[in-house]
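Q: Chain by chain, the residues:
Protein chains: 2
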Amino acid sequence: MNYFSSNFKLGILGGGQLGKMLLYNTRKFDIYTKVLDPSNEAPCKIASDEFQLGDLMNYDAVYNFGKQVDVLTIEIENVNVDALEDLEKEGVLVYPASKTLRTIQNKAKQKLFYVDNNLPTAPFTRFAYLSEIEDAITNGGLELPFVWKAAQFGYDGNGVKVVRKLADLENLPKGECIAEDLVPFKNELAVIVARSPSGDTKTYPVVEMEFHPEANQVEYVICPARISDELAKKATDVALAVSKSFEHVGLLAVEMFQTQDDEILINEVAPRPHNSGHQTIEASYTSQFEQHIRAILDLPLGRTDSKVGGVMVNLVGAEGYTGNVVYKHIEDIMNMNGVTPHIYGKKQTRPFRKMGHVTIVNEDLGEARRIAQEVKQSIKVISK
Amino acid sequence: MNYFSSNFKLGILGGGQLGKMLLYNTRKFDIYTKVLDPSNEAPCKIASDEFQLGDLMNYDAVYNFGKQVDVLTIEIENVNVDALEDLEKEGVLVYPASKTLRTIQNKAKQKLFYVDNNLPTAPFTRFAYLSEIEDAITNGGLELPFVWKAAQFGYDGNGVKVVRKLADLENLPKGECIAEDLVPFKNELAVIVARSPSGDTKTYPVVEMEFHPEANQVEYVICPARISDELAKKATDVALAVSKSFEHVGLLAVEMFQTQDDEILINEVAPRPHNSGHQTIEASYTSQFEQHIRAILDLPLGRTDSKVGGVMVNLVGAEGYTGNVVYKHIEDIMNMNGVTPHIYGKKQTRPFRKMGHVTIVNEDLGEARRIAQEVKQSIKVISK
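Residue numbers (this note's numbering), protein chains in the order written: chain E, 499 to 882; chain Z, 499 to 882.
Hints may be right or wrong, so weigh each one.
Note that the list lumps identical chains together, so a pair holds whenever it fits in one copy or between two copies.
Straight-line C-alpha distance at most 30 Å; calculated BS3-like pairs for lysine-lysine [stated by the list, open to error]:
{"no.": "1", "residue 1": "Lys532", "residue 2": "Lys826"}
{"no.": "2", "residue 1": "Lys565", "residue 2": "Lys607"}
{"no.": "3", "residue 1": "Lys543", "residue 2": "Lys507"}
{"no.": "4", "residue 1": "Lys844", "residue 2": "Lys874"}
{"no.": "5", "residue 1": "Lys742", "residue 2": "Lys882"}
In short, the hints are calculated from the structure, not lab data. Fair warning: this is a prediction, and the values are worked out from it, not measured in the lab.
Only chain E is shown next, with the shape it has when bound in the complex (with noise of 0.2 Å):
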């Protein structure tokens, strides 16, 4: 098919910052776009060639949708998949598969699969409501402390919790979760990969993350990893492992524990241009974004290797505000060395909300790391 023309359409579901960054890259290689999402106010509302208001769970809007276009992305694991399924049988190429995205949507079949596939992961019990899991505490049946996971529609740290007592059960959702066991790990560890429909396969340095203690998301993101290369390979062949047994199409970012004993265990999986691989637009030969791209349309899979030493900071609203955003101090971070924010134009921010982030470059890794932390030291995202 010649992508490189207006006959041909790409599908993108959801309009946020990832649909933002995935559409520089259709625009420079001038591949035409239609995006669905929920939002007015959404960062694809322009630059995508078209685009269509429509709520993301609602099977006719996008099963409707992506009648009209010839391949089938998204931005965003939260979508129909029952649009997608049957988008699939009429001859849409859908990257993700519907079947994948159902695996990953529900947190206990996606910690199944890896059971079933002889993939890493920490052990878990599933548990069909959440008082299921009290009486399982009280008769003894599961110990205390471990991770609860809601099965479904986790994003961005909401859905996951440590409970060390009873009493933090309290307010969590009641339905469908997974309790996990609580492992002691030295490094929470990332690999993107990426694979186009033809099998061909490429994967990005393993990075290295930093949490939020609170708000439970990336607060670094250090490419490459500070590791051994015998964990690097141990990592990076878990993640060809888990893209293999999904027979996935396009970019699968899988994040991984570094275990006190140097085992790697899956944590979870996000088939799409993730959080962890922000750096590679200005630390790698081939950004995740253009490589999901290219993945996606069966295009050669660029060079996933890095120019420098790349380093993330999520830009999050500060606490204590909600209201309109103001970035007090941006200039100021633009005076250092190597520094490129990234602004995702979101109207309205609130503490902990993914309002951008900044990329840290340089030849010496270190020195992007200490850069790093001046830049978290000095931009604050308030309102006004």
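Fit chain Z to the supplied structure of chain E, relying on the hints for placement.
A: Below, chain Z alone, put in the same frame as chain E:
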């Protein structure tokens, strides 16, 4: 001023490929943009916050557009300067300044400016009409060969011709022009200077240009130029002197000749992002487009050094093809090491029309140059 809020509006005169690449960066910083262009098919029609149709040479169109923005910049020189002058008087920040554009728009004025400011350039004579050149030749006042240049509106090699015999003057525009000594040169070089209103200045590495013999368009841009440090310093100092003489704000691309005896002579300048800086998107710490935005908004300038070696190849319409464009073998070049195509999105191709460019980056500049040759030999811009 808080640029990172929708109260601020940046205006761009011209909605072509340079504007399109500027918009990647205004989007990245979430800076609100308005674009004025005469074509309904302009690449900037999407990705700008507001797109307005209008003639860039029409006083009212430019003036009324300019009144709606806080800062006004250009992506093409041929705009109505009287309107810009009035907008400046009324407090709109216009970068580059109308005074600078007036000088640059007219090649005779531009050459005189260099002379007045003791900036090195090839000797020349100014003529009000082409007929005066014929007289000068016949009565021995002007020696063949020389370079004829139209004073007004030369672009992409149009309006420039080497005159070796009287007959070469046939079919040339009749109006104001200059006759410039034909300087035998080793090399064509260019330096992009970024300067902000506060006078902060940075220069990109000297690049080396290889021209297409017939089309007189850049065929390869090689960054950094393969010249001595001494010569690089000389070229950089000349470029800085030009920027300073204009008290320029924004990017100034200075094209220069390296003569047989290693003198540097200014050929011409462009007061905007320039073809000789496209490789900065992939090769530099800060792309020329981001740098232009930083400069005109008086934000801190970014690093101008390179992460890796870069070579840029223009994608121009193949001879003998006019009509709906097809990029033949684009998949092949995307399979080459470190190759990124940029497709501008023009629907129609014609011989030598700039349809896009390809950047090749590599740790080894020689390898990048070798791959660039393969790219050039592989991809063909033809019509259906």
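Q: With reference to the structure, classify each hint as holding or not holding.
A: Hints, verified against the model:
no., hint, result
1, Lys532 to Lys826, "between (34 Å within a copy, 25 Å between copies)"
2, Lys565 to Lys607, "within (28 Å within a copy, 58 Å between copies)"
3, Lys543 to Lys507, "both (16 Å within a copy, 18 Å between copies)"
4, Lys844 to Lys874, "within (20 Å within a copy, 42 Å between copies)"
5, Lys742 to Lys882, "neither (48 Å within a copy, 39 Å between copies)"
Going down the numbered hints, you'll see the structure goes against just number 5.
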